[in-house]
Amino acid sequence: MDWGTLHTVIGGVNKHSTSIGKVWVTVIFIFRVMILVVAAQEVWGDEQEDFVCNTLQPGCKNVCYDHFFPVSHIRLWALQLIFVSTPALLVAMHVAYYRHETIRKFRHGEKKNEFKDLEDIKRQKVRIEGSLWWTYTSSIFFRIIFEAAFMYVFYFLYNGYRLPWVLKCGIDPCPNLVDCFISRPTEKTVFTIFMISASVICILLNVAELCYLLLKVCFRRSKRTQTQRNHPNHALKESKQNEMNELISDSGQNAITGFPS
Amino acid sequence: MSWMILRDLLSGANKYSTGIGRNWLAIVFIFRLLVYIVAAEHVWKDEQKEFECNIRQPGCENVCFDYFFPISQVRLWSLQLIMVSTPSLLVVLHVAYHESREKRHRKKLSASPGIMHGGLWYTYLISLIVKNGFEIGFLVLFYKLYDGFSVPYLMKCDLKPCPNTVDCFISKPTEKTIFTFFLVITSCLCTVLNFMELSLLVLRCFIKCCLQKYSKTFKSSVCECHNLKYVECSEIGAPRLFQIHCSSFDESVPQKPEARLLCNTQKD
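Those sequence lines, one after another, are chains A and B.
Those letters in the first sequence? Residues 1 to 261, by the working numbering.
Those letters in the second sequence? Residues 1 to 268, by the working numbering.
Everything labelled a hint here was simulated from the structure, so no lab data went into it.
Hints may be right or wrong, so weigh each one.
Claimed, not checked - To spell it out: a stretch of chain A is covered by chain B in this simulated footprint if at least three of its residues, at any positions, have a beta carbon under 8 Å from a beta carbon of chain B; those stretches are:
hint	segment
1	3 to 17
2	24 to 34
3	70 to 76
4	79 to 89
As the list claims (entries may be wrong) - Taking lysine-lysine and the DSS-like style, the derived pairs with C-alpha atoms no more than 30 Å apart in a straight line are:
hint	chain 1	residue 1	chain 2	residue 2
5	A	K168	B	K49
6	A	K168	A	K105
7	B	K213	A	K105
8	B	K156	A	K168
9	A	K105	B	K208
10	B	K208	A	K188
11	A	K15	A	K216
12	B	K49	A	K105
13	A	K15	A	K223
14	A	K168	A	K22
15	B	K45	A	K188
16	A	K168	B	K45
As the list claims (entries may be wrong) - Partner residues are not named here, just some residues of chain B that face chain A (Cβ under 8 Å, in silico):
hint	residue
17	L34
18	V43
19	T217
Values in this document were obtained by computation on a predicted structure and should not be read as measured data.
All C-beta atoms in this analysis are idealised placements derived from N, C-alpha and C, irrespective of residue type, glycine included.
Next up, chain A with everything else stripped away, as it sits in the complex (with noise of 0.2 Å):
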């Protein structure tokens, strides 16, 4: 069990999402978890090891480190990123309860004309539309709420996103102020932009999505209203025709067929 399962629950997710999801996942798991997963662990790996202070008392390292760093910043990456990937189980989810419709019909008799079998209807991927629009829209809501709370967590648990070399430490039982070291403060800070950047990028991302939606949806709609105003004897027939012409624009390929006359 490791990052590998949650690659392959947001994975199946991906079929479904937009390209601009598609892309979000890509930089998810290449530029967050796997930079976590091979260096950022190795970086953090002493931390408490090789805090040092200046002073034998006892008991004063493990005071000042855990008044410094009350949660460790791979800790805090980590929960970031599972806390960002689940609001995508919401999408999962509804997607599977749309196939477990679908197939109920199917088994009814219902749709018989529209797939061939159940695997048919297992393989299909699902439009983003109607009440699944919702759910995807509020997920990614949801992720970008998450991305700017751990955002504001971390400045606000370390004073900003640099990591000084030396840190001055007098809490019980430190006899005086002491001065504590950190271990290798240039490397995590880079990784800590690094990692922050990422997060920029996702949310960014996001924002993205969630405007291509909005816009997409009231595109539609504009259509939809606009056909029916000029056809009103054709609208059933026009609605039809738009829908499999945005299936057509949707896969990616620019042709859009003429109107019935």
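Keeping the supplied structure of chain A fixed, place chain B upon it in accordance with the hints.
Frame of chain A; chain B shown alone:
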């Protein structure tokens, strides 16, 4: 031997769960197991090495550490995860036993394989009760062992061979407290989900029994189906929710919902 085995076993149990059961499983995997493996384990990694007492007397630190931490929080956490996940295996075993019986008799013991017989419903109910028992039991044990859920930064110890009352300092107490509270909150959440699932199952069965009794008195004079037999709720099998979930894996014979509700499966 690793957590993957537990994950694979639980994924197998997922097939027979209700919707709430699947949510419970997702919470256990992601918020408890994953957090434990990627974060919590490392917090407690050097707990004894960094446990420091203000004394040079050999043995004093060992004795004090053992007294304050008879079992490490992280080990208790992993035990809790294992114990809480194993009742789901009861369901898997029951299904496997039922399928082996079908194979042995070389025929279907129930006419519609998607519907589980009544015994499985009880097994599922028992597994939920046992899960809840373990969750609450471990929380109480945590509370009693460590006098609450927060980890102090300083503990006073005067056990032999320590010559007097010495100050002992724990490493990373704030981080440990944060993760302990995380554990408690997810544990409580899972307990609530289990209670909800339990109530839902019992309520559905109760409603179904009432409906059946009502339709029994209504249909007794007008029923045309020759093989109809009205049975009590516990004999007909799992409540409707279970039937819906189980029938999604039944790819052989589609059944009408009303048939499932009123008509009995063939008696063997």
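Hints, verified against the model:
1. 3 to 17: That given contact holds, which follows from 4 residues of the segment 3 to 17 of chain A lying within Cβ reach (below 8 Å) of chain B.
2. 24 to 34: Contact hint for the segment 24 to 34 of chain A vs chain B: violated, 0 residues under 8 Å.
3. 70 to 76: holds (count 5)
4. 79 to 89: holds (count 4)
5. A:K168 - B:K49: holds, 24 Å
6. A:K168 - A:K105: Violated - the C-alpha atoms of K105 of chain A and K168 of chain A are around 68 Å apart, more than 30 Å.
7. B:K213 - A:K105: Answer holds: K213 of chain B to K105 of chain A is near 29 Å, not above 30 Å.
8. B:K156 - A:K168: Holds. K156 of chain B to K168 of chain A sits at ~26 Å (cutoff 30 Å).
9. A:K105 - B:K208: This hinted pair holds, its Cα atoms lying about 23 Å apart.
10. B:K208 - A:K188: violated, 61 Å
11. A:K15 - A:K216: holds, 19 Å
12. B:K49 - A:K105: Not OK: K49 of chain B and K105 of chain A at ~61 Å, beyond 30 Å, violated.
13. A:K15 - A:K223: holds, 27 Å
14. A:K168 - A:K22: violated, 45 Å
15. B:K45 - A:K188: Distance of about 20 Å is within 30 Å: holds.
16. A:K168 - B:K45: holds, 26 Å
17. L34: holds, 6 Å
18. V43: holds, 7 Å
19. T217: violated, 29 Å
Consistency with the previously given hints fails for numbers 2, 6, 10, 12, 14 and 19, ordered from lowest to highest.
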